[in-house]
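> Heads up: the protein sequence lines correspond to chains F and H, in order.
Remember, this note's numbering sits 8 above the position in the first sequence when you count from 1.
Remember, this note's numbering sits 14 above the position in the second sequence when you count from 1.
Hints are not guaranteed to be accurate.
Distance windows between CB atoms, simulated [what the hints assert, rightly or not]: (1) Glu330(H) <-> Tyr154(F): 51 to 57 Å; (2) Asp176(H) <-> His209(F): 53 to 59 Å; (3) Asp176(H) <-> Leu73(F): 35 to 41 Å.
To be clear, the hints were calculated from the coordinates, so they are not data collected in a lab.
The beta carbon of each residue, even a glycine, is placed where N, CA and C say it ideally should be.
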Amino acid sequence: MSNDALLSVKDLHTHFELRRGVFGRAGFVRAVDGVSFELHRGEAIAVVGESGCGKSTLARTILGLYRPTKGQVLFEGRPLDGDLRWYRRQIGYVQQDPYGALPPFMDVHRILMEPLVINGFQGDRERRIREVLEEVKLTPVEDFLYKFPHQLSGGQQQRLVIARAMILRPKFLVADEPVSMLDASVRVEILELLRGLQRSHNLSVIYITHDLSTVRYFAERIFVMYAGKLIEKAPVQKLLQEPRHPYTQALLAAIPDPDPANAQTFKKIPPGEPPSLVNPPSGCRFHPRCPAFIAGLCDKEAPPEFEPSAGHFVECWLYR
Amino acid sequence: MREKAEVQSRASVGVGAAPPLLRVEDLRLYFRTTQGVVQAVDNISFVLERNQALAILGESGCGKTSLARAILRLLPRNVHTYSGRVELDGVDVMPWSEERFRKEVRWTKISMVAQAAMNSLNPVLRVGDQIAEPLMIHQGMDKQSAWARAREAIQLVGVPVDFLQRYPFELSGGMRQRAVIAMALVTNPDLIILDEPTSALDVLTQANIMNVLKQIKRELHKSYILITHDIATSSELADHVAIMYAGQIVEWGTAEQFYPNPLHPYSQKLMASVPRLREERALDFIPGRPPSLINPPQGCRFAERCPSKFFQCEQEPPMIEVRGGRLVKCWLYR
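Hey, can you work out the whole structure from these sequences and the hints?
Structure follows, in structure tokens:
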């Protein structure tokens with residue numbers, strides 16, 4: 009595509025082997041099963057899906073924490089293999105549970121100093137720590153420098169995790185459910201902070217979430233993931249206003265806005281639960297639950313990617 | 015709609031009518047800690063009618079779970095103060111002994127789906143044994159009839175009967191949450207307290223559980239107290255809404271009144287922080303943090319974060335009744 013792609017993901021597969029006994033193979037968990045996309049400079053993408061759909065595995069494969077079984081991740085055209093230290097310096101990772109992500113016995117100063125030391129940051133380290141604390145608005149800096157994680161509120165802890173992710177001035181951030189553990193009012197603060205950082209530093213961000221309602225405040229494009237595949241990819245407005253895949257449609261219909269009328273109606277929910285990633289259904293993986301299921305097609309052959317309108321991609325036979 | 019709601023809330027003030035299912039008056043629950051006394055539930059009063067759902071909304075640490083525990087008398091050891099009235103069908107049960115309360119109230123009249131209960135199922139017991147257990151403990155039923163009732167309860171929540179024979183790890187999150195709801199239903203209580211019943215679940219599972227709860231309310235005429243921080247989801251079930259802040263209820267009204275038009279500045283801010291799927295609107299957040307419940311501020315507890323603060327806020331506002339029987343603890347409405 010265009011040459012401003014920061015990250016290209018090509019036909020990525022991450023499978024985990026299930027073993028039985030010492031030599032026996034019981035099969036594979038196909039957590040990521042054929043994912044391709046490009047992330048541009050300064051762009052934020054949200055990957056939305058239910059638990060167990062493979063979205064965190066996708067994030068961790070992109071971070072270089074898992075080796076893909078097949079396919080490739082290229083960062084600025086350079087493939088991820090062998091020693092990844094050059095890559096880790098350019099990426100930041102914001103975890104889901106801020107308290108779990110922070111070492112309880114280190115104070116703020118030490119938590120932020122570690123990455124600088126490990127990566128041999130040349131320059132004024134103290135100044136960099138102050139800068140980054142100001143960027144995430146943990147101010148006045150003096151009040152926070154020598155605090156321990158348990159002395160911070162949930163929102164402040166998440167700011168610290170973001171500060172740590174930002175301290176080496178990365179080009180690219182992966183945020184895995186960064187606000188799901190926080191209260192509603194704090195959630196907005198953190199999303200605004202991330203959005204602000206993304207814009208001021210021209211960061212590329214992959215935002216992993218199960219919460220479609222926060223996505224529009226954050227991302228330019230949404231990818232919907234189901235059973236290891238990205239079944240729909242579209243700009244935010246297009247996806248919210250005109251969802252194409254029956255799964256996306258069901259997902260959107262299930263999310264309430266605060267409205268007293270909700271109490272009067274029942275929601276239509278596709279029957280069943282997301283499939284096992286060990287033996288996913290044949291053909292389209294959503295077909296056993298799909299209201300628009302076409303017999304003889306959807307259960308036989310996996311749908312390729314169709315483009316019903318420019319920039320809107322969907323893996324569904326309805327758009328053939 | 016609105017008129018009907020007014021009549022309902024008037025009726026709940028209850029002059030001469032049959033006593034409400036639950037009336038809580040001046041309920042207080044304070045805890046002793048090394049830092050001082052935590053005023054987790056401070057002077058809370060409300061009324062809940064039969065076949066109604068009350069949503070208690072608030073952020074973490076506002077005391078909403080403590081309120082549930084105070085109603086069900088599930089108290090830790092460090093209780094400092096536990097006082098007020100809890101009336102069930104017009105009878106104050108506060109003076110009752112623990113033994114009598116356990117037999118006649120807990121799980122008999124009021125049951126609870128505790129927060130993250132689906133993760134607290136006993137991993138080595140079959141689901142059916144766990145659903146049947148309250149019947150054997152609270153009502154002294156024998157195992158066979160308890161299992162028969164468990165079979166009924168599990169079907170009510172839309173789980174196939176053979177799941178009773180399985181162990182918790184064999185069930186998905188949604189199925190386990192349903193099993194926990196079945197456990198709360200099995201003794202046929204009038205009131206079920208639901209503490210964050212869907213917050214750890216996926217969107218579709220969440221919607222599914224809400225459907226189940228609505229169905230049960232409609233068909234079995236149960237009442238709910240729904241405790242949650244998730245305002246959007248609460249609207250799936252609520253007839254009335256109470257907003258809690260720093261141990262106190264600061265606003266009370268019907269769902270029709272509250273969701274489109276919250277009154278208390280805190281409720282308004284909270285509502286503005288809810289992301290919308292179907293509406294383009296800027297999000298807002300509440301600067302600062304809730305006050306400590308050890309030494310809460312003298313006046314209005316929200317004053318220091320309130321955009322509309324004025325001189326009178328240094329005194330504690332009373333609950334003020336505004337149009338349509340709504341209650342709001344804010345001087346702006348005096």
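> Indicate, hint by hint, whether the structure satisfies it.
Hint by hint, here is what the structure shows:
1. Glu330(H) <-> Tyr154(F): 51 to 57 Å: The hint (51 to 57 Å, Cβ to Cβ) is violated, given that glutamate 330(H) and tyrosine 154(F) are roughly 37 Å apart.
2. Asp176(H) <-> His209(F): 53 to 59 Å: 55 Å, holds
3. Asp176(H) <-> Leu73(F): 35 to 41 Å: 40 Å, holds
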